[in-house]
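Chemist: Go ahead and model the full structure; you've got the sequences and the hints to work with.
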Amino acid sequence: MSGIIKSEPFVINIGPQHPSTHGVFRIKATVDGEKVIDAEMVMGYLHRSMEKLAEERTYTQNIPFTDRTDYLSSMSNNLGYCLAVEKLAGIEVPPRGNAIRVIMAELQRLASHCMAVGAFANDTGAWQTPVMWAFREREKILDIFEVTSGARLTCNYMRIGGVAFDLRPEFEPMVRRVLREFPPFIDEMEGLLSGNEIFIARTRGVGVLSPEMAINSSLSGPMLRGSGIAWDIRKADPYCGYEQYDFDIPIGYNGDSYDRFIVRLEEMRQSLKIIQQALDGLPGGPFRTEVPLALRPPKGEAYARIESPRGELGYYLVSDESPAPYRFHIRPPSFINLSALKEMTVGGTVADAIVVLGSIDIVVGEIDR
Amino acid sequence: MTRELTGSEAAALAEALVPGSVARTSETACYLKPEMLVETLRALRDDPAANLVHLTNLCGVDYWDHFEVVYHIQSFEKNHLACFKVEAWGREKPEVPSVTPVYHGAWMQECEAYDLFGIRFTGHPNLYRILLWEGYPGWPLRKDFLAMPGGLQPGLGEFAGVARRQEPPVKVVE
Amino acid sequence: MEGFGPSLAFWVLSALTLIAAGGVMVSRNLLHAVLFLILTFVGVAGFFVLLSADFIAMAQVIIYVGAIAVLVLFAILLTPRSGRDNGETRWALPGILLAVCLAAIFLFVVHDTAWDTVGDAPAGLDARALGTALLTTWVVPFEIASVLLTAALVGAIMLTRSPEEEAEDALV
Amino acid sequence: MTPFLVSDKWYDIRDLGNLSRAILEAADRILPFGVVYVLAAVLGFVASFLLFVLPSQLFVGVYGERRIIGRMQSRLGPNRVGPFGLLQPIADAIKLIQKEALTPTQADRAVMYVAPIIFVMPAVLLWAVIPFGENMVIADIPVSLLYFLAVSSLPVIATFMAGWSANNKYSLFGAMRIVSMAISYESPLVLALLGAVVVTGTISLSGMVAWADEFNIWMAFVQPLALVIYFICVSAELNRTPVDIAEAESEIVAGYLTEYSGMKWGLFYGMDIGYALAASGFAVTVFLGGWTFFGLEQWVPGWLIFIAKTHLFYFLFIWTRGTLPRLRADQLMAFAWKFLLPLGVFNLLIVSTERMLWAEQDYAKGLIYLFALINIVLSGALVYAWARFNGYRPERTPTRPRLVKQVGGYIPIEERP
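If you read the sequences in order, they're chains A, B, C and D. In terms of numbering that gives the first Met the number 0, the first sequence is residues 0 to 368. In terms of numbering that gives the first Met the number 0, the second sequence is residues 0 to 173. In terms of numbering that gives the first Met the number 0, the third sequence is residues 0 to 171. In terms of numbering that gives the first Met the number 0, the fourth sequence is residues 0 to 416.
Heads up, a few of these hints could be off.
[Claimed, not checked] Listed next, the in silico BS3-like pairs over lysine-lysine satisfying Cα-Cα at most 25 Å (straight line):
id	chain 1	residue 1	chain 2	residue 2
1	A	LYS27	D	LYS168
2	A	LYS34	D	LYS98
3	A	LYS86	A	LYS51
4	A	LYS341	A	LYS27
5	A	LYS341	A	LYS34
6	B	LYS92	A	LYS51
7	B	LYS142	A	LYS298
8	D	LYS168	A	LYS341
9	A	LYS86	B	LYS77
10	A	LYS298	A	LYS51
11	D	LYS404	A	LYS272
12	B	LYS77	B	LYS142
13	D	LYS337	B	LYS77
14	A	LYS86	A	LYS341
15	A	LYS272	A	LYS139
16	B	LYS142	A	LYS51
17	A	LYS34	D	LYS337
18	D	LYS168	D	LYS98
19	B	LYS32	B	LYS92
Worth flagging that the hints you see were computed from the coordinates, not collected in a lab.
Modeler: See the structure below:
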């Protein structure tokens, strides 16, 4: 038909205000009929210049900023920043602090993947049901965060040298409840979506990313693992004592949206495994090394990274012996995961572009910072 | 555990593949010559021993008299991470060759560095201000952007027991 | 056609159909013309109902409104030239000539026909009788009607072709 | 032939048709000729609006659907306004009426204003031919099945007008999708219904109910495939969720509704539910025996049975909406042309053959049960065989990802289990 019927390409703005951009993000798509022939990203609607602001505040004062970058996984962001400062200043964290950090980071991964999986199913057109189910489970984790840190979303819980507060007595039963109730939920989601013919038809073969392209585009996290590359910073460059825990890295087959989805589901199972081990072997002792309020790390630079739910979250800090970082740079996973968006969307339809965007799992606060 | 290559180790790798590409080394980083940057990185990416395939992080740093562009590149198979740096002198129009032909993932990070530091990446396919709008006055992450007279930093001066930053080594053109 | 209700319905439908038909001619916007055309079709279907020809009326709506008009709308959406207005073309003069000829024929027919009032609808209109009628007595008109749909489809595609493509085809 | 009235008593409450008939006949004696038809039409319109459109749209659609979907999504649904939130639809309506109905500057104002009106009319008109009890049909015309098809093709025009006139690209996408969908799904829909027509030998909906009553079997058993095709096609035409590509909210925001607000939007929203209910009523009449229930209608008013069946069928729409993701536009078109249409043709072929055999046996009552059995088996076999023929194979790839212990580079896909 395409040879006979001629249509004019026109530009359609997916975003900034669009139900599927999960924030203020815009794809300027040139479409020919329903087919996307060019896609250009427009971002920066949420730019707050955090990197500049951080240069004016002390190292401890900067921790709340990191909450606000990736607001769906504030614990991980806190952790990455604190690790960078500890690496810069050479601070050791006590074992209890490390174990608490691991539990928190993995709980955060569960919460974030709940959101990612639910919102992705919503983008494929499942009318709100998966996202509501995912929210129901996420609530339980947010309750744990509230009990522990006093906040649900922007926790501000990690500190340089450990964590802010010790665990409360309610904490362990709540986590045990999550450990008990999560596996049935994951199985349920898997049964609801992974085997659903329509879901497979919508996601399989959509937004295929070859392993070469995935590596060359600097992708990380589930995007990279979906393409069949075994890479996880928790295994490759263990921090906070991840080397003591036994877990597997799930990797996909051919790097389409479906693979990224099942990788996220499996990562939730592995996270539960890690939480179980960390909770069983939770050491006693202090939870924080005392550090001066106006910390002055020695001159130098440090790049520390963690495996955040969206991929490699790196913090590059340069110190000039003043109490504020000389340079504070975030390597945001969702920003860099977008660099292959054009390659993935061009050639598909508009509906496919939405599915691809959902499978990247962007958080606009992190893209724009 | 990822092995973080020291500056001299990274320099040895680079020097073995492209002789004369290293300008100097520091403890953590290897400074490459800008004119040989793309060639060196391509060689490092394709060489099985170096195998630096994944450009993890790219960012700019303002050191008052010069800019540095920092590249953190890692290998999946060897599990090591190397830090390369390139210096760009001059505040008016700092220029660094773009590594987009080697690492496709660099294009957005280079756009960001251009947007916030004003470092021009020559050879970039589409260098535009990715976060701010076209025509935004100035480059926000430069140290002299909205600086107070006398090098006073807003905010920090009011923090108890904190000394002011040192005077900039280069006189800032207001 | 007796009694107050049917008379009223006839005049209302006449006005509607004529105004809509006029709208097809005078509206400059191609899409408005099609929408007026749909209204005309619906009005004509109303006439069939008044004549107790329920089946024809329903067929009129299904085929003309449900299929042909939708096809034309589809073609308009796909055509790059849908923005053009429905203004003067070089076909205006032949069109007027054709219309005058057609009007003359119609007037002739109207004048010569003995206008009997139509009786009630055939009592037992069931599917079997209809099918038998369509596939034995009226098989030729029935097939011609299906050709009409094909013609509409082809016409819809032709509408979307650009002049360059037409020139390419002419060379072949 | 069934008797004209269930009983001669106009106050027999089993059948509302008696009452209205008595009123109209009394009026016919007083009023001049013809006026009673106008009166009947007005009464029918008002009655069907009050009886079906208003309560269905407000309570079954807005309240019931939201409560049931809320249940499916493990939340409560509306429960604040009035007892159990029952007054929520009224609160919504008041809110929508108060809202400003915006019209974009560059929009085609006239078409944009007319579109919701054109959308509402057929939703009410559809109820004219559906029998919701013995003799309880507003217009018992002999071609009521065709009437239903004709009237239900009108909302496509209205939604197209809405999408095109708004001068919004998302709306234009919605308009384009709905027009292509109407072209694609009309043919399998008509083919499926043709099967029912061939078996019953009538194109009157009352005749179909009478047939089901006479042979004590539902058309759904005689032609399960036709019911499935009808359900899929009508979901597509009505933009229900698994196939709601014309107003896909996650892709093209709300399609043709993007620029509508206030009560103009409310009309579209409410009438969407009205159409779904009308389609359910039609399906019940054609496929599920209408107001009969194997003799139960002797004891219970027929319209009660009909309403119960309609709402149970409507539950299917709610269910699919609450559970399934959406198909892509091209997949949907391919499904219609490559799958549903050939299946409809096969189904028609089988049904016609059976009808011929049946006619030779002088329409023996027992034979239809045999045909029903054969058709149920054949339908499954046909769907399976045609899917195989089209190259469809169920997914064999494991839905679990591979698990590795060690990091490293790319791990090639070995033999899949």
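Chemist: Take the C-alpha atoms of LYS272 (chain A) and LYS139 (chain A), compute the straight-line distance between them, and say whether it is at most 25 Å.
Modeler: 17 Å, holds
Chemist: Regarding the pair LYS298 (chain A) and LYS51 (chain A), is the alpha-carbon distance no greater than 25 Å?
Modeler: 19 Å, holds
Chemist: For the pair supplied as a hint, LYS86 (chain A) and LYS77 (chain B), confirm whether the alpha-carbon distance does not exceed 25 Å.
Modeler: OK: LYS86 (chain A) and LYS77 (chain B) at ~23 Å, within 25 Å.
Chemist: With the threshold set at 25 Å, check whether the alpha-carbon distance from LYS86 (chain A) to LYS51 (chain A) stays at or below it.
Modeler: 21 Å, holds
Chemist: Need the status of pair LYS86 (chain A), LYS341 (chain A): alpha-carbon distance at most 25 Å?
Modeler: It is violated: about 36 Å lies between the C-alpha atoms, which goes past 25 Å.
Chemist: For the pair we were handed, LYS142 (chain B) and LYS51 (chain A), check the Cα-Cα distance against 25 Å.
Modeler: 9 Å, holds
Chemist: Given the hinted pair LYS337 (chain D) and LYS77 (chain B), is their alpha-carbon gap at most 25 Å?
Modeler: Not satisfied, since the Cα-Cα distance of roughly 51 Å exceeds 25 Å.
Chemist: Sort out whether LYS98 (chain D) lies within 25 Å of LYS168 (chain D), counting only the CA atoms.
Modeler: Holds, at roughly 24 Å.
Chemist: Would you mind confirming whether the straight-line C-alpha gap from LYS92 (chain B) to LYS51 (chain A) stays at or under 25 Å?
Modeler: At roughly 21 Å apart (the allowed maximum being 25 Å), LYS51 (chain A) and LYS92 (chain B) satisfy the hint.
Chemist: Quick one, are LYS32 (chain B) and LYS92 (chain B) close enough, alpha carbons at most 25 Å?
Modeler: 18 Å, holds
Chemist: Given the hinted pair LYS341 (chain A) and LYS27 (chain A), is their alpha-carbon gap at most 25 Å?
Modeler: The hint holds at about 11 Å.
Chemist: Keeping to a limit of 25 Å between CA atoms, is the pair of LYS404 (chain D) and LYS272 (chain A) held or broken?
Modeler: 14 Å, holds
Consistency with the previously given hints fails for numbers 2, 12, 13 and 14, ordered from lowest to highest.
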